[in-house]
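Please model the entire structure based on the sequences and the hints provided.
Protein chains in written order, with our numbering: chain P, 1 to 179; chain B, 1001 to 1099.
Calculated from the structure, these hints are not laboratory results.
Some clues are possibly wrong.
Where chain B lies over chain P, by a calculated footprint (3+ residues, C-beta under 8 Å) [as the list claims (entries may be wrong)]: (1) 42-51; (2) 59-73; (3) 89-102; (4) 124-135; (5) 140-148.
Across the chosen pairs, the derived CB separations fall in these ranges [unchecked claim]: (6) P:M1 / B:L1097: 49 to 59 Å; (7) P:G126 / B:V1091: 43 to 53 Å; (8) B:N1054 / P:L23: 32 to 42 Å; (9) B:W1005 / P:G164: 38 to 48 Å; (10) B:L1097 / P:L92: 17 to 27 Å; (11) P:A132 / B:R1095: 47 to 57 Å; (12) B:D1053 / P:L11: 20 to 30 Å; (13) P:L23 / B:R1095: 25 to 35 Å; (14) B:N1054 / P:R24: 36 to 46 Å; (15) P:A73 / B:H1052: 42 to 52 Å.
This structure is a prediction, so every number in the text was calculated from the model and none was measured.
Where a beta carbon is used, it is the ideal one built from N, C-alpha and C, also for glycine.
These are the residues of each chain, in order.
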Amino acid sequence: MEAVAFFAGALGALGGAVAVIALRNPFYSVLALIVHLISLAGLFLLLHAEFIAAAQIVVYAGAVMVLYLFVSAYVGAVEEPIWEPIAGQRLLGPLLALALFVEVSIAVIGTGLKAIEAEGATVQIGFGSPAAIGELMLEKFLIAFEAASLLLLIAAVGAIVLAGRPRELERESGPAEAR
Amino acid sequence: MDITWYLVLSGLLFAIGACGVLLRRSPLVILLCLELMLNAGSLALIAFSRAHDNQDGHVFAIVVMVVAACEVVVGLGLIVAMFRRRLPLDVDQIRVLRG
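Dropping the structure here:
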């Protein structure tokens, strides 16, 4: 049963990932990424990471992807040229990715870690629950937690500065024509 | 399921994301491919966390999620700024950092 769930989740995640890079229209790529994220949340559930799975769906597949959808609809479909600016890019890119996969696999499987050969240690009740994660974040990882909140604040301010109305455009159009 | 399966899947997803970064030219899709790579990293962290019955990996995954959210906000802000200045949304044509 667990194997069926794993392969269903893995198939969804892989299919979504391939669709993200294969689809021409960025809007459909974002939708494919949502499929990928939801399948990945299923895999997280299989690994007893309940809180992460919930956060993945609510924060990622919900909020972040909506932001992506808005921007891709605002920018509109970007037409990618059919020709290759770098000769052989279509061939070399996947080749390099394959080399990366082989390298990562060798690095992970060849570590000689005993624990990865098995299903993992037996977990106690409450593993990965919101209570357990919250306790860890507020005790063991308090500094990382505060740094993360500061990082989010800086990113929000940075986005306002970046995406705000450029000054030159304002001077050209004048305040009367404010859109 | 062995943890190895999850780790190989994570490596495969990371490679697909890297392939997308190399192949696509729209900055929006490149950001999506970065998300793929970050999520592959989260999957590996959570798989290791399960293997050792240690929840520290979960906190790492949350921090990865925070970093991804920041990256999305700044990246999409840049894309909107590029679009407003009528710059081409093609990473091959944007070669200088000067506006």
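Whether the CB-CB distance between A132 of chain P and R1095 of chain B falls inside 47 to 57 Å: Holds, at about 48 Å.
For the hint 32 to 42 Å, verify it against the beta carbon of N1054 of chain B and that of L23 of chain P. Check passed, 38 Å falls within 32 to 42 Å.
Counting residues of the segment 59-73 of chain P with a beta carbon closer than 8 Å to any beta carbon of chain B, are there 3 or more? Since three or more residues must qualify, the claim that chain B covers the segment 59-73 of chain P holds, with 7 doing so at under 8 Å.
Three or more residues of the segment 124-135 of chain P near chain B by CB distance under 8 Å? Answer holds; 5 residues pass the 8 Å Cβ test.
Coverage claim, chain B over the segment 42-51 of chain P, checked by counting residues with Cβ within 8 Å (three needed): holds (count 7)
Confirm or reject the coverage of the segment 89-102 of chain P by chain B under the rule of 3 or more residues with a beta carbon closer than 8 Å to the chain's beta carbons. Held - the segment 89-102 of chain P has 10 residues with a Cβ nearer than 8 Å to chain B, which meets the minimum of three.
Verify the CB-CB distance for L1097 of chain B and L92 of chain P against the hinted window 17 to 27 Å. holds, 26 Å
Within 36 to 46 Å: is that where the Cβ-Cβ distance between N1054 of chain B and R24 of chain P falls? With Cβ atoms ~43 Å apart, the hint holds.
Honestly, do W1005 of chain B and G164 of chain P meet the 38 to 48 Å range at C-beta? holds, 47 Å
Coverage assertion for the segment 140-148 of chain P with respect to chain B, Cβ distance below 8 Å, three residues required: holds (count 4)
Honestly, do M1 of chain P and L1097 of chain B meet the 49 to 59 Å range at C-beta? The hinted range 49 to 59 Å holds for M1 of chain P and L1097 of chain B, with Cβ atoms some 53 Å apart.
Does the Cβ-Cβ separation between G126 of chain P and V1091 of chain B fall within 43 to 53 Å? holds, 46 Å
Violation of the numbered hints given earlier is absent; every hint is satisfied by the structure.
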